[in-house]
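K.L.:
Here is how the chains run, residue by residue.
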Amino acid sequence: MSDFEIIPVVESKDIVAVRHAVRQQAVKIKFSLVDQTKIVTAASELARNMFVYAGGGEVTLEVLQEDARHGLRARFVDKGPGIANIDLALRDGFTTGRGLGLGLGGAKRLVNEFSIESTPGKGTRVTITRWR
Amino acid sequence: MFAAMDRIPILRMGDFLLVTIQLDMHDQLASALQDDLTTKIAEANAKGVLIDISSLDIVDSFIGRMLATTSAMARVLGAETVVVGMQPAVAITLVELGLDLSGVHTALDVEKGMEMLRNRISLPELGNTDVRF
Numbered sequence: 018m019s020d021f022e023i024i025p026v027v028e029s030k031d032i033v034a035v036r037h038a039v040r041q042q043a044v045k046i047k048f049s050l051v052d053q054t055k056i057v058t059a060a061s062e063l064a065r066n067m068f069v070y071a072g073g074g075e076v077t078l079e080v081l082q083e084d085a086r087h088g089l090r091a092r093f094v095d096k097g098p099g100i101a102n103i104d105l106a107l108r109d110g111f112t113t114g115r116g117l118g119l120g121l122g123g124a125k126r127l128v129n130e131f132s133i134e135s136t137p138g139k140g141t142r143v144t145i146t147r148w149r
Numbered sequence: 555m556f557a558a559m560d561r562i563p564i565l566r567m568g569d570f571l572l573v574t575i576q577l578d579m580h581d582q583l584a585s586a587l588q589d590d591l592t593t594k595i596a597e598a599n600a601k602g603v604l605i606d607i608s609s610l611d612i613v614d615s616f617i618g619r620m621l622a623t624t625s626a627m628a629r630v631l632g633a634e635t636v637v638v639g640m641q642p643a644v645a646i647t648l649v650e651l652g653l654d655l656s657g658v659h660t661a662l663d664v665e666k667g668m669e670m671l672r673n674r675i676s677l678p679e680l681g682n683t684d685v686r687f
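In order, the protein sequence lines correspond to chains A and B.
Under this note's numbering, the first residue of the first sequence is numbered 18, with each subsequent residue one higher.
Under this note's numbering, the first residue of the second sequence is numbered 555, with each subsequent residue one higher.
Hint data in this document are derived by calculation from the structure and do not stem from the laboratory.
Since the structure is predicted, the reported quantities are computational estimates derived from the model, not experimental observations.
Note that the Cβ used here is the ideal one computed from N, Cα and C, for glycine as well.
There's no promise every hint is true.
Cβ pair distances, simulated, as ranges [claimed, not checked]: (1) A/136 / B/673: 53 to 61 Å; (2) A/44 / B/576: 39 to 47 Å; (3) A/72 / B/646: 19 to 27 Å; (4) A/113 / B/563: 47 to 55 Å; (5) A/149 / B/666: 31 to 39 Å; (6) B/576 / A/45: 23 to 31 Å; (7) B/642 / A/47: 13 to 21 Å; (8) B/663 / A/22: 32 to 40 Å; (9) B/609 / A/130: 26 to 34 Å; (10) A/137 / B/599: 45 to 53 Å; (11) A/85 / B/627: 44 to 52 Å.
Covered, in the sense of this in silico footprint (three residues per stretch, anywhere, with C-beta under 8 Å from a C-beta of chain B), are these stretches of chain A [said to hold, decoys possible]: (12) 27 to 33; (13) 61 to 72; (14) 83 to 93.
In isolation and in its complexed conformation, chain B is listed as follows (with noise of 0.2 Å):
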């Protein structure tokens, strides 16, 4: 079962990287994608990281800093960060919460973010389109 596993996939996607979080995430899973994630972009040197939260049923603030300082790492490394997929009533909770999330782009789904990162990073068209694990 993958929540039995200890380590989120991040799949190379030319100057891209993405990640699908899936199923209930544990706090130690999410730091690990943090560690894993900012070593991956710099050993890829990517531009831009996306990450697929659309599967998380609920965000709470530990995931949601976890999300805004993956995002603030990325950036200092030169890669640009877009979370997409976010589900409206998980949205709707985060920001009863309390939680800023204003330093982080979201995009409805991966398309949209990829589309997004694309206009930020003003890239060529993805010529490279091999997918490596």
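Only chain A is shown next, with the shape it has when bound in the complex (with noise of 0.2 Å):
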């Protein structure tokens, strides 16, 4: 069983719609409050990502269920410039814009599973997963 739910970010107040969606969905398949304040940072932080970095992009949000567990999986794509070093782009600090580098790294920290694609000039792909 699968449901899909797609939110556009385009300016940087579509971040809080994130934010509402991811909660609601983890809200809906009962994660305790730390979980679904963990997810929601880490969506937060990805969102931001891909209206700085990227320009915006798309996150699509599936509830999965596996045997009698439940997860969300939040998927962030985007057209952008790509990450041309993954392995330094996930180091705590690094930044090539004005932040504070603790994004990747921190959302990666938050959840339970993090994957990462990029393409330089192509865009970038990072998934992440939390199980209740």
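Join the two chains into one complex using the hints; note that each chain is given alone, in its own frame.
P.N.:
Encoded structure:
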């Protein structure tokens, strides 16, 4: 069983829309308050990254069910400049912008599964999953 | 609806300023608050600032940085800042995110934050309780 929801990120206020949508899904599948907070925070970081570095993109939320466990997966896809060195980008404190450089590495710590694919010049896709 | 407003109100209480952040704060609102607050500190010659974040259900790196830089700016302008009311789930998440808020004073609620400010500033009791917007 799966359920998809797509949230476009075009302007900075859309980051709030992403947070709300993730929260709503996390509540629906009965995440604890701490788990809700973690995945909403991770999604906020990744949505902002997309907005700041790629000028926007699209977030797809998917509710997962494997046997008795539920999970929430969020995919962040942009057509931005891509990331040349992913290992470096995941390191705390690394930033090419004016941020703190916590976005990718921080988001990774807040979820159970994290994957990133990027092609310079084409775009970036980050997928996070948190299980209940 | 509050979220549609483009400014967060700053309340003056004697030598202190009180900011209550409501609902979800988008990035521009956070940046505007930083500007407004520093202006107001200078205008009011405020000695202390309380930022109540008990309604915030997340603090990500952007909001966290706003709190840290606002607190640093306020210090330069002669005011101490205490961030009050952080929800436990938010605190847990912030630490895991890796955000360092060590330069920011925190307290459980407005009352304790006020006490902290009074102790740090060693003002006489707040004789002046008029509240102005």
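K.L.:
Let me make sure I understand: some of the numbered hints might not hold for this structure. Which ones are they, in numerical order?
P.N.:
When the structure is compared with the hints, numbers 2, 3, 4, 14 turn out to be violated.
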